[in-house]
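Participant: Residues per chain are reported as follows:
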Amino acid sequence: MSVILSVENLKKYFPVEQTFLDRLLGRRKEYVKAVDGVSFEIKRGETLALVGESGCGKTTTGRLVVRLLKPTGGKIVFDGIDITFTKESELRKWFRRKAQIIFQDPYASLNPKMKIGEAIEDPLLIHFGDKLSKKERKEEVLKIMSKVGLVPPEYFYDRYPHELSGGQRQRAVIARALVLRPEFIVADEPTSSLDVSIRAQILKLLQTLKEEFKLTFLFITHDLATAYYIADRIAVMYLGRIVEVGDAKKVILNPAHIYTRALFSAVPLPDPKLNRSRSKIKIRSEPPNPINIPSGCRFHPRCPYAEERCRRQNPPLIKIDEKHFTACWLYS
Amino acid sequence: MESLIFFKNFFKAFSKVRSLEEKMLRIGLVLATALILIAVLAPYIAPYNPIEMYIGAPYTPPCPQHLFGTDSMGRDVFSRVIYGTRSALMVAVISAAFAFAIGIPLGLISGYVGGVFDRVVTLIMDALYAFPSLVMALAIAVALNPGGSASVFSIILNTAIAISVVYIPSYFRVIRATTLSVKENLYVEAAKAIGAPPFKIVLKYIAPNAVNPAIPIICMNFADAILTAAGLSFLGIGLPPFYPDWGVDVSKGWKDIPNGVWWTSFFPGLMIFLATLAFMLISDALVEYLNPRKERLRP
Chain A
1 MSVILSVENL
11 KKYFPVEQTF
21 LDRLLGRRKE
31 YVKAVDGVSF
41 EIKRGETLAL
51 VGESGCGKTT
61 TGRLVVRLLK
71 PTGGKIVFDG
81 IDITFTKESE
91 LRKWFRRKAQ
101 IIFQDPYASL
111 NPKMKIGEAI
121 EDPLLIHFGD
131 KLSKKERKEE
141 VLKIMSKVGL
151 VPPEYFYDRY
161 PHELSGGQRQ
171 RAVIARALVL
181 RPEFIVADEP
191 TSSLDVSIRA
201 QILKLLQTLK
211 EEFKLTFLFI
221 THDLATAYYI
231 ADRIAVMYLG
241 RIVEVGDAKK
251 VILNPAHIYT
261 RALFSAVPLP
271 DPKLNRSRSK
281 IKIRSEPPNP
291 INIPSGCRFH
301 PRCPYAEERC
311 RRQNPPLIKI
321 DEKHFTACWL
331 YS
Chain B
1 MESLIFFKNF
11 FKAFSKVRSL
21 EEKMLRIGLV
31 LATALILIAV
41 LAPYIAPYNP
51 IEMYIGAPYT
61 PPCPQHLFGT
71 DSMGRDVFSR
81 VIYGTRSALM
91 VAVISAAFAF
101 AIGIPLGLIS
111 GYVGGVFDRV
121 VTLIMDALYA
131 FPSLVMALAI
141 AVALNPGGSA
151 SVFSIILNTA
161 IAISVVYIPS
171 YFRVIRATTL
181 SVKENLYVEA
191 AKAIGAPPFK
201 IVLKYIAPNA
211 VNPAIPIICM
221 NFADAILTAA
231 GLSFLGIGLP
241 PFYPDWGVDV
251 SKGWKDIPNG
261 VWWTSFFPGL
271 MIFLATLAFM
281 LISDALVEYL
291 NPRKERLRP
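So the sequences go chain by chain: A and B.
Sequence positions in the first sequence follow the numbering used here and run 1 to 332.
Sequence positions in the second sequence follow the numbering used here and run 1 to 299.
Chain A with its partners taken away, still in its complex shape:
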């Protein structure tokens, strides 16, 4: 399997808005280090889940790899072509057709003044407006609409977004992303704003579509069960870095990093007896401010096993098993 996307030491720093007083006093400009040195690879046809708590930079990573944001540093290579700092006009020529994104909030990601049919047709109009006739475009749209489960498509074609439920809207968003037959899709928490009953349906739909269209997914989620269900591999992010990455089974059944274990401890089990009796790892306080990242291992202030070395040196990703890596000194 060939690598479709490789990310190396990717960085995104957002400048913190300074007040006039700050500038007068000559205070140094500060940056939120949302993504701070992330590296991973995704093979064609694979699903990589990016998990982590809110604010860990997983959404920013997703937006960076489809170049909705400009990276501060690092390297993004898509299909063998470096797209790290490629201009938007150049990206429109080929990249936007091959890589798509599905956003978390289906209520906000559709233009309220555009009918569902028009919204799904727009990508075709932009990229194949001169090649496909109006009729062909409509046919294509109706086809993809029935594929994502907006049936009957003729009925939904002329609806406005506000006339649809959350699940239906997310289906429309998926159809819009798929209509160009992309190879790679970033799914940014596509199910987290949906009702639990609809979540499973959408996940199943994504699985089916993945097989049918031979898609590669970067699946961003904070829900470990979702990640386990959908992903081949899981990468755990903490404060702008990947702390553990490996086969989904290995990461879930045999978590290595203390942070990953803590995440699992936080997942409630349906059986209250089992829930009480299992050993839990509790971590202290809140995640630190991403403006002032702790020295050494960025997890050390919250880690119950932190040693002197953790305070000074940042651990690299250490191989602990076949296809299972973690950034923790405990495994060195």
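Just so you know, these hints were derived from the structure itself, not from any lab.
Ideal Cβ placement from N, Cα and C applies to all residues, glycine included.
Hints should not be assumed to be uniformly reliable.
As the list claims (entries may be wrong) - Residues on chain A that point at chain B, a partial pick, calculated with CB under 10 Å:
no., residue
1, 63
2, 66
3, 82
4, 84
5, 85
6, 91
7, 96
8, 100
9, 104
10, 111
11, 125
12, 180
13, 192
14, 268
As the list claims (entries may be wrong) - Below are the DSS-like pairs computed for lysine-lysine, each with C-alpha atoms no more than 27 Å apart in a straight line:
no., chain 1, residue 1, chain 2, residue 2
15, A, 113, B, 252
16, B, 255, A, 131
17, A, 43, A, 87
Guided by the hints, dock chain B onto chain A, whose structure is given.
Facilitator: Okay, now just chain B, sitting in the frame of chain A:
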């Protein structure tokens, strides 16, 4: 006779319709159509020549010969009001169209592009906005009018352009502000993700969600245009003083009111009110119509 048909239509608009917006739209359209008909058919409706003096005794109150009475020079107020529709509608429509056509694209582009371009345009617009509107219009009208023997139409056009320049900043500011908030929406980012070029993002994704607040400005602009045009005529820059125009007649006529002569200013004033009302109703209904959340109107 014309007024009879007009009132018949007016009440018809009330009887058959269901929603409030539809009523507004119907009344507005009926009023506007009536005004346009009056403007076009003025020679057939007006009983007298509007600029001929001493057709009746000066200051004749409304009577069967002179429906709206006569003014200080014995001209028939009814005929003047009928003919005045022409210049008033032209000035109002042309100036609103100009200001709309320039202010809105400029606001959209400025808000979307941002940066230095936005700063410069906003600065120019603020400078225009800070100027007293009549003085501004006056300066532009003087600059545009070649003076002397200009045709009435070119005077009307220049006046309209002068007024539209005054109104461009109003459209610009409103549209720029809404563009700034609309462009932060997720669907704009989604449009970028599907590869939409900037002009398409602005045209298809931002503009339809940003123009609504500008539509009510049209009716303000419309009413103000008639009065500003009158102000310019009054100062001798706009239309020649004998030319029938509502604004000119109101601004001259109100001085007669202390002497008990109300009709010289009341009737042209009423027409300004009706024209503004027509436009306001249409523009308000248009705002509703452009909102897909409301059930579709049946025009």
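Participant: Each hint: holds or not?
Facilitator: Hints, one by one, checked against the model:
Taken as an interface hint, residue 63/A checks out: its beta carbon lies about 8 Å from the nearest beta carbon of chain B, inside 10 Å. Of the supplied interface hints, the one on residue 66/A holds, with its beta-carbon coming within about 6 Å of a beta-carbon of chain B, less than 10 Å. Using the Cβ-Cβ criterion of 10 Å, the hint placing residue 82/A at the interface with chain B is not satisfied: the shortest such distance is roughly 19 Å. Of the supplied interface hints, the one on residue 84/A is violated, with its beta-carbon coming no nearer than about 17 Å to a beta-carbon of chain B, more than 10 Å.
Checking residue 85/A against chain B: minimum C-beta separation of about 17 Å lies over 10 Å; hint violated. Because the beta carbon of residue 91/A sits about 8 Å from the nearest beta carbon in chain B, less than 10 Å, this interface hint is met. About 3 Å separates the beta-carbon of residue 96/A from the nearest beta-carbon of chain B, less than 10 Å, and the hint is met. The interface hint given for residue 100/A holds, since its Cβ lies 6 Å from the closest Cβ of chain B, which is under the 10 Å cut-off.
Hint on residue 104/A holds. Least Cβ distance to chain B is approximately 9 Å, under the 10 Å limit. The beta carbon of residue 111/A comes within 5 Å of a beta carbon in chain B, closer than 10 Å, and the hint placing it at the interface holds. Given the 10 Å rule on beta carbons, the hint for residue 125/A holds: about 9 Å separates it from the nearest Cβ of chain B. Look at residue 180/A: its Cβ gets to within about 7 Å of chain B, closer than 10 Å, so that hint holds up.
Annotation: residue 192/A was flagged as interfacial toward chain B, and the flag is violated, the nearest CB pair being 14 Å apart, outside 10 Å. Taking 10 Å as the C-beta contact cut-off toward chain B, the hint placing residue 268/A at the interface is violated, the least distance being around 31 Å. Using a Cα cut-off of 27 Å, the hinted pair residue 113/A and residue 252/B is violated, with the two alpha carbons roughly 48 Å apart. Taken as a hint, the residue 255/B and residue 131/A pair is broken in the structure, with Cα atoms around 69 Å apart against an allowance of 27 Å.
Note on residue 43/A and residue 87/A: the hinted pairing holds, with a Cα-Cα distance of about 25 Å set against a maximum of 27 Å.
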